[in-house]
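Chemist: Guided by the hints, dock chain B onto chain A, whose structure is given.
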Amino acid sequence: MTATIVTPKPGPAKEVAKDASMVKQKDMMASHYDRLTSAPETGEKVAATFVPGNLNELIMCFGLVNNLPEVNAIQNGLRRTSGAFVLEAEKIGHSEDVCTYVKSDIGMMAKGNLAPNGKKFPDPDVLLLSYTGCFTFMKWFELLREQYKCETIMLHTPYMGDGKITPNMIEYMVKQLKDEVIPKLERISGVKFDIDRLREYLKKSAKAEDDLVWVLQSAKQKPSPIDAYFGGIYYIGPIFGAYRGTDDAIEYYKFLREEVADRMAQGQGPVTPDGDMGKEKYRLVVEGPPNYTNFRQFWKMFYDEGAVVVASSYTKVGGVYDFGFRHDPDKPLETLAEYCLGVYTNRSLPMRIDMLSNYIKEYEADGLLINSIKSCNSFSAGQLLIMREVEKRTGKPAAFVESDLVDPRYFSAANIKNRLESYFQMIEQKRAGARSAA
Amino acid sequence: MDASLIKSGTAPIVARAQALFDDLSFAAAREWKAAQPGRKVIGYMPLYVPRELIHAANMLPLGILGGGDQLEVIHGDAYYQSYICRIPRSTVELGVTGRLDFVDGMLFPSICDVIRNLSGMWKMLFPQVYVRYFDVPQTYRDDIGGNYYVNELAELRHDLGELRGQPITDEELRRSIALYNENRRLVRELYAFRAERPWLVPAAEVYLVLRAGLVLPVEEHSTMLLAYLAAAKVEDRPRRDNCRVVLTGAFCEQPPLNLIKSLELSGCYVVDDDLLLVTRWLTGDVSTEGEPLRSLATAFLHHSESTAAKYEPDEKEKGQHLVRAVARSAAEGVIFAAPSFCDPALLDRPMLQHVLKKAGIPFIAFKYAENSGQMQPIREQAGTFADSIKLWSGT
Numbered sequence: 001m002t003a004t005i006v007t008p009k010p011g012p013a014k015e016v017a018k019d020a021s022m023v024k025q026k027d028m029m030a031s032h033y034d035r036l037t038s039a040p041e042t043g044e045k046v047a048a049t050f051v052p053g054n055l056n057e058l059i060m061c062f063g064l065v066n067n068l069p070e071v072n073a074i075q076n077g078l079r080r081t082s083g084a085f086v087l088e089a090e091k092i093g094h095s096e097d098v099c100t101y102v103k104s105d106i107g108m109m110a111k112g113n114l115a116p117n118g119k120k121f122p123d124p125d126v127l128l129l130s131y132t133g134c135f136t137f138m139k140w141f142e143l144l145r146e147q148y149k150c151e152t153i154m155l156h157t158p159y160m161g162d163g164k165i166t167p168n169m170i171e172y173m174v175k176q177l178k179d180e181v182i183p184k185l186e187r188i189s190g191v192k193f194d195i196d197r198l199r200e201y202l203k204k205s206a207k208a209e210d211d212l213v214w215v216l217q218s219a220k221q222k223p224s225p226i227d228a229y230f231g232g233i234y235y236i237g238p239i240f241g242a243y244r245g246t247d248d249a250i251e252y253y254k255f256l257r258e259e260v261a262d263r264m265a266q267g268q269g270p271v272t273p274d275g276d277m278g279k280e281k282y283r284l285v286v287e288g289p290p291n292y293t294n295f296r297q298f299w300k301m302f303y304d305e306g307a308v309v310v311a312s313s314y315t316k317v318g319g320v321y322d323f324g325f326r327h328d329p330d331k332p333l334e335t336l337a338e339y340c341l342g343v344y345t346n347r348s349l350p351m352r353i354d355m356l357s358n359y360i361k362e363y364e365a366d367g368l369l370i371n372s373i374k375s376c377n378s379f380s381a382g383q384l385l386i387m388r389e390v391e392k393r394t395g396k397p398a399a400f401v402e403s404d405l406v407d408p409r410y411f412s413a414a415n416i417k418n419r420l421e422s423y424f425q426m427i428e429q430k431r432a433g434a435r436s437a438a
Numbered sequence: 439m440d441a442s443l444i445k446s447g448t449a450p451i452v453a454r455a456q457a458l459f460d461d462l463s464f465a466a467a468r469e470w471k472a473a474q475p476g477r478k479v480i481g482y483m484p485l486y487v488p489r490e491l492i493h494a495a496n497m498l499p500l501g502i503l504g505g506g507d508q509l510e511v512i513h514g515d516a517y518y519q520s521y522i523c524r525i526p527r528s529t530v531e532l533g534v535t536g537r538l539d540f541v542d543g544m545l546f547p548s549i550c551d552v553i554r555n556l557s558g559m560w561k562m563l564f565p566q567v568y569v570r571y572f573d574v575p576q577t578y579r580d581d582i583g584g585n586y587y588v589n590e591l592a593e594l595r596h597d598l599g600e601l602r603g604q605p606i607t608d609e610e611l612r613r614s615i616a617l618y619n620e621n622r623r624l625v626r627e628l629y630a631f632r633a634e635r636p637w638l639v640p641a642a643e644v645y646l647v648l649r650a651g652l653v654l655p656v657e658e659h660s661t662m663l664l665a666y667l668a669a670a671k672v673e674d675r676p677r678r679d680n681c682r683v684v685l686t687g688a689f690c691e692q693p694p695l696n697l698i699k700s701l702e703l704s705g706c707y708v709v710d711d712d713l714l715l716v717t718r719w720l721t722g723d724v725s726t727e728g729e730p731l732r733s734l735a736t737a738f739l740h741h742s743e744s745t746a747a748k749y750e751p752d753e754k755e756k757g758q759h760l761v762r763a764v765a766r767s768a769a770e771g772v773i774f775a776a777p778s779f780c781d782p783a784l785l786d787r788p789m790l791q792h793v794l795k796k797a798g799i800p801f802i803a804f805k806y807a808e809n810s811g812q813m814q815p816i817r818e819q820a821g822t823f824a825d826s827i828k829l830w831s832g833t
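Residue numbers (my numbering), protein chains in the order written: chain A, 1 to 438; chain B, 439 to 833.
I should point out that these hints are in silico values taken from the structure, not numbers from a laboratory.
From the three backbone atoms N, C-alpha and C, an ideal C-beta is built for every residue, glycine too.
Heads up, a few of these hints could be off.
Said to hold, decoys possible - Only part of the chain B face toward chain A is listed, based on derived beta-carbon distances under 10 Å:
no., residue
1, D551
2, C780
3, L785
As the list claims (entries may be wrong) - Far from chain B, some chain A residues (derived; all Cβ distances over 10 Å):
no., residue
4, L87
5, M109
6, N117
7, T136
8, K149
9, E171
10, P183
11, K203
12, A206
13, Q297
14, L333
15, E389
16, G395
17, A414
18, A432
Extracted from the complex, chain A is given alone in its bound form (with noise of 0.2 Å):
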């Protein structure tokens, strides 16, 4: 049987309200996918690499743009495109069992390989398998290499499996960079590798981190000026992206700043897409992906009721920067390794558990909710056992949802909204017991 995805009709066009930052992130995003699919003309190489263990400030030592299959399947999702691209690349001979970010790439490719911009995105000059957290990746890669027939480089990145980096990894990965991916990086670009050239960019970096830590602790407020989620979702595009080591992420992050120390100083809750949020009534930590296909929809199921997410840990899958690490100029080649191994999906289960548990406590939530997608391993196994470590260390309750990253077959919007309704009403049950106990 041949499945159909039935794209609902818009309704009525409805203003969507925007943060002046959502705006500008918006546009930057715009004006990367222009120089994007502008490279045949500008004569610009492309770097096509992932985002958890994006290394952008080395990819523009060597002039390449890069380019982010995750941020494209993702864009996909959004424009609702993707689940004909899913369906596309299962028609080709893809299991229905595997990432649908990989699918909905081999079936954009498929199916003309356009960006969002309506331009043909350019054949990547060079894969970089920056290979952290996720086995997938490197299957991607060897599917996208299939295609392009282009040179790929891998780096790989240990798992921290027993909660710590050690000297053997760190080394490991630098001589990786130095032997194997600066020289390869070198011939593909034409362009000598400059390390004080890394180190501007490092430093860029670091302070581009600074703001964007503190506008995700911003949360810590109550009420909450953020959402760590759903709008998370947009403070990290830039950094997780193209922009990290720029000056226009610098500027960026320095924006987004003021503008939520503004709305903490006027005591105001997140802009969701509805406008401003009513009463903070519920404070979440969210663990996994959202899913992008129906976003608004799921962000709206939260607002609605109150619940505003403090913390998450999808903000942290392409870089934890808040428990201190920054970009290093002054070890260059290190800081890098370090970055890649700690970003989120490659910290073991305990660690993930420590953080979760961490976050309920110092963002004062009233519990974990877990969206579990279906076709994200890195992500999805082992949550159930994490949903009750959390529960247990915290007292607080948890709650699971599943549904997919960009495969809107696995949105079940019924579903999820009647968990999460069962669940506030669990929060306030809690609450109710605790006054009466008090």
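Modeler: Same frame as chain A, but now just chain B:
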């Protein structure tokens, strides 16, 4: 070779292997441990761990491959969503029901995100057990991946030494390497013999005999292999008009034994496969000269099998291991059998199929779970495949 072993034929050997396979309480490993005070057992999951290191510490390496189709999973399902493969849930079931309570350590090799995350779960669930995520390099230069791997091996060697209360010496390690070299040679001999005369060594028997090696001490397993080979060579079994296939994709979660039997019953001799790869992951002898950890690393980097969990740096080489396996075993087709929700196998499959298509090698594909019970569709599919090869190949 003891002539009585040959005389009694393959049946008692296969029966012994079957009994080990059926025993989900791991009585043989428990008995081995109880036989001498201080003995320890180290469990490991697919795909590969250097069992030589465990053996050198006078410990028993114990392969844990899930619960198969005889284990009712009750607790394990509470740890996993429906869209995650079955092996971690049945492995958790084995753990939480006390079936692995004699296991002193568990190694979780670098194979996929599910097994990777299970390493952390095991730490949480069984804090008294030594648990290690066993990472391997995905870059194969001696001075890069090799150095990293040697240091990882050194850490494991150190930990195992601590666990037994005495460091592992080079001499102990070399002795273990030699024993595993011998074991792998016998496994390769068995595979070569099966490729030559598959009707004498049915795939299900080969599987059981190999699988016994994941439970028994290597010395005992080598004896079993020798005996089985010797007995099989002189047995008279009818040759069927089967086609010859390579089975691939089953390197982690195991297919039910009935599935392997069904393939042969439906007309396909399995002449090569990627089942239980740990038994022949290293494709040649590991040097017993020089620094033993370096020897293990060199073998891993330059003389190990190809599979989906391992990065292939050369695009032209992608999938060629399968083409070579087909040529080596004179196979007529390939059966892709992957566990449901197995990321590495299922993501790899389209690329491998493209390579086979280019090489003109026919193939079919299906999925299974370790507890799949209904074999009829698989029999029909494999039977039709066998017929199509018989009828149409070479025309």
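Chemist: Could you run down the list of hints and mark each one as holding or not?
Modeler: We went through each hint and held it up to the structure:
no. : hint : in the structure
1   : D551 : holds, 4 Å
2   : C780 : holds, 8 Å
3   : L785 : holds, 4 Å
4   : L87  : holds, 15 Å
5   : M109 : holds, 13 Å
6   : N117 : holds, 29 Å
7   : T136 : violated, 6 Å
8   : K149 : violated, 7 Å
9   : E171 : violated, 7 Å
10  : P183 : holds, 12 Å
11  : K203 : holds, 28 Å
12  : A206 : holds, 28 Å
13  : Q297 : holds, 22 Å
14  : L333 : holds, 14 Å
15  : E389 : violated, 6 Å
16  : G395 : holds, 18 Å
17  : A414 : holds, 18 Å
18  : A432 : holds, 28 Å
Of the numbered hints stated above, those contradicted by the structure are hints 7, 8, 9 and 15, listed in ascending order.
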